[in-house]
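Q: Listed here are the chains, written in short residue letters.
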Amino acid sequence: MTKLLVRLRPFGAAHLPAGARVAAVFLLLALAVACIAPFAVRDAATSLDLSARLAPPTTGSLLGTDELGRSVASRLLLGTSVSLGVAAAAVALSFVLGSFLGLVAGERGGFLDAATGRLVDLTLAFPGLLLAVALAAVLGPSARNTVLALAVTGWVPYARLARSEARRVASLDFVAAARAFGAGSLRITFVHLLPNVLAPLVVQATLHLAGAILAESALSFLGLGVPPPAPSWGAMLAGGRAHVLDAPHVVLAPAFAILAVVLATNVLGDALVDRLDPARRTRGVAPA
Amino acid sequence: MTSSGASASLLRVEGLSKSFAARGLFGGARGTAVPAVRDVSFDVPPGQTLALVGESGSGKTTTARLVLRLLAADAGRVTFDGVDWLPLPAGELREKRREMSVVFQDPATSLNPRLTVERLVGEPLEIHAVGTRAERRERVRALLARVGLPEAALSRTPREFSGGQRQRIGIARALATEPRLVVLDEPVSALDVSVRAQVLNLLLELQETTPSRPAYLFIGHDLAVVRLLAPRTAVMFRGQIVEEGPTGELFSNPRHPYTRLLLASQPAAHPSERKRGGAADAVEGGPPAPRGCAFRGRCPSARARCAEEEPQETVDGDHRFRCHFPS
Chain H
23 MTKLLVRLRP
33 FGAAHLPAGA
43 RVAAVFLLLA
53 LAVACIAPFA
63 VRDAATSLDL
73 SARLAPPTTG
83 SLLGTDELGR
93 SVASRLLLGT
103 SVSLGVAAAA
113 VALSFVLGSF
123 LGLVAGERGG
133 FLDAATGRLV
143 DLTLAFPGLL
153 LAVALAAVLG
163 PSARNTVLAL
173 AVTGWVPYAR
183 LARSEARRVA
193 SLDFVAAARA
203 FGAGSLRITF
213 VHLLPNVLAP
223 LVVQATLHLA
233 GAILAESALS
243 FLGLGVPPPA
253 PSWGAMLAGG
263 RAHVLDAPHV
273 VLAPAFAILA
283 VVLATNVLGD
293 ALVDRLDPAR
303 RTRGVAPA
Chain E
5 MTSSGASASL
15 LRVEGLSKSF
25 AARGLFGGAR
35 GTAVPAVRDV
45 SFDVPPGQTL
55 ALVGESGSGK
65 TTTARLVLRL
75 LAADAGRVTF
85 DGVDWLPLPA
95 GELREKRREM
105 SVVFQDPATS
115 LNPRLTVERL
125 VGEPLEIHAV
135 GTRAERRERV
145 RALLARVGLP
155 EAALSRTPRE
165 FSGGQRQRIG
175 IARALATEPR
185 LVVLDEPVSA
195 LDVSVRAQVL
205 NLLLELQETT
215 PSRPAYLFIG
225 HDLAVVRLLA
235 PRTAVMFRGQ
245 IVEEGPTGEL
255 FSNPRHPYTR
265 LLLASQPAAH
275 PSERKRGGAA
285 DAVEGGPPAP
295 RGCAFRGRCP
305 SARARCAEEE
315 PQETVDGDHR
325 FRCHFPS
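The listed protein sequences derive, respectively, from chains H and E.
End of the first sequence = 310 in my numbering, gap-free, step of one.
End of the second sequence = 331 in my numbering, gap-free, step of one.
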């Protein structure tokens with residue numbers, strides 16, 4: 023554990039600018055909400071009350087009710103776990119898959135490297151979100167399929183980043199030294215390459231998380247994400263869309279939630295980019 | 005082709021060659037191979053030191069990497085500790101690698117910045133599964149003491165050390181498995197002049213005190229360092245060994261004009277000893293000559309024959325050289 027802390031020292035919150043620290047605290051809060059919400063507000067978020075449809079925010083219900091009379095506040099909280107959960111799972115899957123492929127390609131070179139490169143080119147040739155939409159439509163709407171649809175294109179930036187960083191690190195003498203001492207590919211990859219390419223990958227993941235939340239919302243908005251009654255933020259937007267003029271609170275609540283989380287994630291990601299390498303700015307949000 | 009002490013050699017290199025394909029950037033046409041090491045042969049007896057010197061680009065580091073099998077040779081034969089080294093299959097090579105280790109030039113890049121000193125120095129032991137974790141830690145402790153680092157260094161990362169201390173970490177790592185041969189690839193060139201002598205003395209001392217009595221293959225360009233460290237010296241130019249012999253004799257009686265040029269370009273110990281018109285103004289040659297002696301463009305005593313015919317090796321006792329008109 024202490025070793026992990028040493029490794030993550032460059033990410034230490036103490037070194038971040040104030041804005042990024044606020045963003046980090048906000049995201050931690052959102053994470054806490056995401057963990058607690060399923061136990062606290064599941065019933066409140068799904069119980070219908072058709073007599074109280076589209077009620078405006080009052081003291082009785084903090085953010086009013088939606089088109090089916092469900093508490094918007096409860097749905098927003100529960101939506102945190104759905105939206106963040108799906109996005110985080112998609113990021114995690116992309117991170118592991120892409121980093122692994124990139125590391126192996128960078129370490130081995132040759133055919134594997136070329137094959138991975140072509141696979142990356144192939145995936146990049148598709149518009150990311152469109153591919154995710156097509157996949158989600160084919161696989162059918164479910165939380166798992168949304169994660170898969172997002173990861174199918176999400177792994178690409180990790181693979182490219184991991185490969186180029188791995189190739190750079192692999193040309194350093196300490197990797198040659200390890201080989202000369204008899205280290206095998208496994209040791210080279212995980213002891214010598216991975217820890218030295220991890221930092222930019224973590225930054226990439228932070229930036230990707232914002233993109234994944236947006237993509238998940240887009241899929242849910244189109245009805246291809248997590249199916250009802252689970253309240254994803256995108257699905258809430260879709261539900262309230264018809265009542266934008268007479269009951270704007272139904273749409274505004276999830277819209278601001280998405281805005282706040284994406285903004286916080288981007289601020290944090292940018293701060294990490296600056297913190298780790300001022301020269302390596304703006305690699306951009308992942309496609310999809 | 006081989007020098008003396010052949011029967012008792014630990015490392016014997018015969019006719020080693022390697023060329024790199026030019027990609028249009030080296031001035032050569034696409035597809036032409038540029039020779040980096042050409043027909044290099046030498047012997048390192050057990051527990052002895054052979055120095056390989058030459059200017060940058062002479063192929064000395066490539067030779068080291070070929071011997072370490074970090075690069076694949078095009079041709080030639082390497083016999084290490086009685087084993088035919090180059091065709092050795094991966095599994096056996098891995099096993100045998102504990103007998104041959106390396107110290108690189110720049111300790112800033114040859115030590116993984118993410119590992120602690122304990123793991124860095126212990127890595128060869130870890131790779132070869134020597135002892136338990138606690139036993140390895142004990143050995144690392146002992147190694148640190150031998151290279152003159154405090155025990156507190158164990159849990160630090162290389163960043164926290166100076167250049168000289170980092171190279172000591174590299175040396176401790178190289179001796180961890182008690183190897184029979186250590187390849188020293190310019191181990192002091194990246195260090196401050198003030199700590200070079202300390203590190204060189206440490207290397208000399210460790211050669212005496214390490215139970216496996218390791219032989220050194222010392223790659224360098226600083227002749228003053230070589231004189232201190234190696235009883236035998238081989239001089240490389242454009243991928244070939246142009247002269248090899250006992251260090252004292254090579255220095256006092258150089259036969260090849262390139263060796264004389266190297267010796268003359270040594271900085272003088274005192275300004276009053278400076279000579280005028282040294283070798284420093286010699287022209288850096290263009291592309292390798294298609295035939296004849298590779299050195300003739302810079303050679304003060306080049307004649308017509310040097311442009312026609314590549315000089316073969318002449319053996320004179322335990323001294324050998326490649327020159328038509330040796331001095």
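Honestly, the hints are just simulated from the structure, not real lab data.
From a predicted model like this one, the values you see are computed outputs, not experimental measurements.
There's no promise every hint is true.
To be verified - Coverage of chain E stretches by chain H, computed from C-beta distances (three or more under 8 Å per stretch; other residues unrestricted):
# : region
1 : 49-59
2 : 111-121
3 : 125-136
Stated by the list, open to error - Away from chain E, derived, C-beta distances all over 12 Å, residues of chain H:
# : residue
4 : L157
5 : A199
6 : G206
7 : N288
For glycine and all other residues, C-beta sits at the position ideal for the given N, C-alpha and C.
Q: So, for every hint listed, does it hold in this structure?
A: Do the hints match the structure? See the list:
Judged by the Cβ-Cβ criterion of 8 Å, the region 49-59 of chain E is not covered by chain H as claimed, because only 0 of its residues qualify and three are needed. Counting residues of the region 111-121 of chain E whose beta carbon lies closer than 8 Å to any beta carbon of chain H gives 7, which reaches the threshold of three, so the coverage claim holds. Residue count for the region 125-136 of chain E with a Cβ under 8 Å from a Cβ of chain H: 4. That meets the three needed, and the coverage hint holds. The beta carbon of L157 (chain H) sits about 37 Å from the closest Cβ of chain E, which is more than 12 Å, so the claim that it is off the interface holds.
Its closest Cβ contact with chain E, about 5 Å, brings A199 (chain H) to no more than 12 Å, contrary to its assignment away from the interface. With 12 Å as the threshold on Cβ separation, the claim that G206 (chain H) sits away from chain E is violated: the shortest Cβ distance comes to roughly 7 Å. The beta carbon of N288 (chain H) is kept farther than 12 Å from every beta carbon of chain E, the shortest such distance being approximately 28 Å.
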